[in-house]
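First to last, the sequence lines map onto chains A and B. Quick note, the first sequence lines up with residues 170 to 315 if you use our numbering. Quick note, the second sequence lines up with residues 22 to 342 if you use our numbering.
One or more of the hints may lead you astray.
Said to hold, decoys possible - No more than 30 Å apart at the CA atoms, straight line, and that leaves these computed lysine-lysine pairs for BS3-like:
hint, chain 1, residue 1, chain 2, residue 2
1, A, K280, A, K217
2, B, K63, A, K217
3, B, K161, A, K300
4, A, K269, A, K310
5, B, K161, A, K310
6, A, K310, B, K54
7, A, K217, B, K54
8, A, K181, B, K161
9, B, K161, A, K280
Source of the hints: derived by calculation from the structure; they are not laboratory data.
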Amino acid sequence: MLTKSIFTRALKRSPWVFHVGTSGCNNCDIEIADCLTPRFDVERFGIKLVGSPRHADVMLISGPVSRACREVLQQAWLDMPQPRLAVMVGVCACSMGAYKDAYSVSGPPDKVLREVDPDARFVYVPGCPPKPETIVMGIVKLLGSL
Amino acid sequence: MGAIAEWVFHLLVFPGVLFSVTLGLVLVWLERKVTALVQWRKGPPLAQPFWDVVKLFGKETILPADSVPRAFLAMPLVAFAGAGVAASLVWLPLLGLAERPVGDLIVVLYLLAMPSLALILGASASGNPLAAIGASRDVKLLLGYELPFVAALLVAAFQVRDVDGAQVSAGTLSLEGILAFQQQVGSVLARPSGLLAFLAAIICVQAKLGRVPFDVAEAETEIGEGALLEYGGVGLGLFKLAHALQLATLPALLVLVFWGGLTATVWGVLAFAGKVLAIVVVVVLVENTNPRVRIDQALRFFWGPVALVALVALLAARLGY
C-alpha cells in the first residue's frame, strides 16, 4: 500500500501530457500550447509536454473524433502505460459541439476510448476554446481524483 | 572481505550510484531551472526530477509488438550500470578515496560511451522506425564526437611543462597521475594548449549529453524523442537516471582533467563546486541559445573544426605551449 501511495504521489507531482488533436478546429490546440508559455508555465507543477504516448501519463484530446482518427486515437491510448488518464479539452471533445451529427465524425472521444478501455478515466473541460487556466484546473481535478 | 565490502560501498553508495544519482538529479533540476529563467518562467521545484523518476518506476512496462524483448529490456540496465561505474571511477580519484589506482582515462572513456551504445541497441531492438532513425543518428554522432573528445583529454596526459629548467609531463593515462601532475605544476587549463583542448572537450560534452544543438538523436519535434520513443515506465526511468549520472560525471571529469581537481579545504571544495556548476550552466546556456543542427552538419562540425582544434592542442601540448 505504501509503495502504491508513493507512486500516486509522484504521478500527481509529475503528470506528463501527450497531446492528440482528433481533427478539431485547432483552436483548443493553440490554447494547449499557451499553457507552456511563460505566462502560465505549467512546468511549475511538473507538467511536461512529451512527444510519445509511451512517456505520457495524461492524454489531452481536442476535437471530435473523425472517422480517420478513430483507430489512431485508440491505438495511441493503448500505447500509454498504466496508470493513464485523459482530459477532454473543449466542447467538441466533451460533447461534439458544432460537429454533432456531422457525416465525417464517428463519436465523442470518451465513447471511442471506452470501446477499447472500459476503465478509462476522464475529466471534461468545456469551452470554445477553454482558457489555459481551465485546462490546468482540469488536469489538477483529474489528479485530485486519484 | 572488508576490501570487497568497501568496493561495493564505493560503487553503490559513495561516490558511486547513490551519491552521483542524487547529484545528477540536482543538476538536472538546475538545467531545467536555468532554462526556465532564460525563458522568463519560474521553473520546476527542486524535487521535480526525483518525482519524475519515482513516477516512471511506478508505471507499466509495455513491450512493443515488433521488439526483441531481451535486448529491449536489458539495455536500460546496461546504460545505468555503465554510467554508474563511470561515475564512481571519476569521483574516487577526485575525492582521493581509493587506496590504489582504480582505473584510467581509457576505462572511463569506454564506460562513458556505454549509455549511448545501450541506447542505440535498445532503440534498434524496439522495432520502431523513428527510434531506428534516432539510433542511426546517435551512431553517427558518437563517431563524430569521440575522436575530438579523446584527443582533447590526451592533452592533459601529454602536456609538457617547464619546471626549473626541466621538461616534465604527466606521461600517464591514470586519473590519479594527471591530478598529481596538476598539483605539481598547476592546472592544464593555464596553458594555451590546455585551454584549446578544454573548449573542444566542452563542445563534445554538449553532444555526449545529447543537448541542443546536438540533440538530433532525440529530436522530439521531428522524430518524437527518437531513440527513447518506445521506452516507457522503468526503462525510461533508468535511461533518465543514466543521463543524470552522466551529468554528474562529465563536468567532474573535465574539472579533474583540465582544471586541477579537488583540494580538501573549504575553499577547494567551494571552488570545485563553482567549476562544476559553471560548466553545467555553460552547457545549458548554449542549449538555450542555439537551434538544432542537422546530423550531417554535426558530423562535419566535429570532424572538421573541433577535431582540428583538439589535434592542434595535442601538438601544441607536445611542443610545450
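To see whether the hints hold, each was checked on the structure:
A distance of roughly 26 Å separates the Cα atoms of A:K280 and A:K217; the hinted pair therefore holds under the 30 Å criterion. As the CA atoms of B:K63 and A:K217 are separated by approximately 14 Å, the hinted pair is consistent with the 30 Å bound. The hinted pair formed by B:K161 and A:K300 fails the criterion: a straight-line CA distance of about 44 Å is larger than 30 Å. With a C-alpha separation of about 27 Å, the suggested pair A:K269 and A:K310 falls inside the 30 Å cut-off, and the hint holds.
Distance restraint check for B:K161 and A:K310: the Cα-Cα separation of roughly 45 Å exceeds the 30 Å cut-off, and the hinted pair is therefore not satisfied. Straight-line distance between C-alpha atoms of A:K310 and B:K54 comes to about 26 Å, which keeps the hinted pair within the 30 Å bound. Of the supplied pair hints, the one linking A:K217 and B:K54 holds, its CA atoms being roughly 14 Å apart against a limit of 30 Å. A distance of roughly 38 Å separates the Cα atoms of A:K181 and B:K161; the hinted pair therefore is violated under the 30 Å criterion.
Pair hint B:K161 plus A:K280 does not hold up; C-alpha atoms about 45 Å apart against a cutoff of 30 Å.
Hint violations for this structure: numbers 3, 5, 8 and 9, all remaining hints satisfied.
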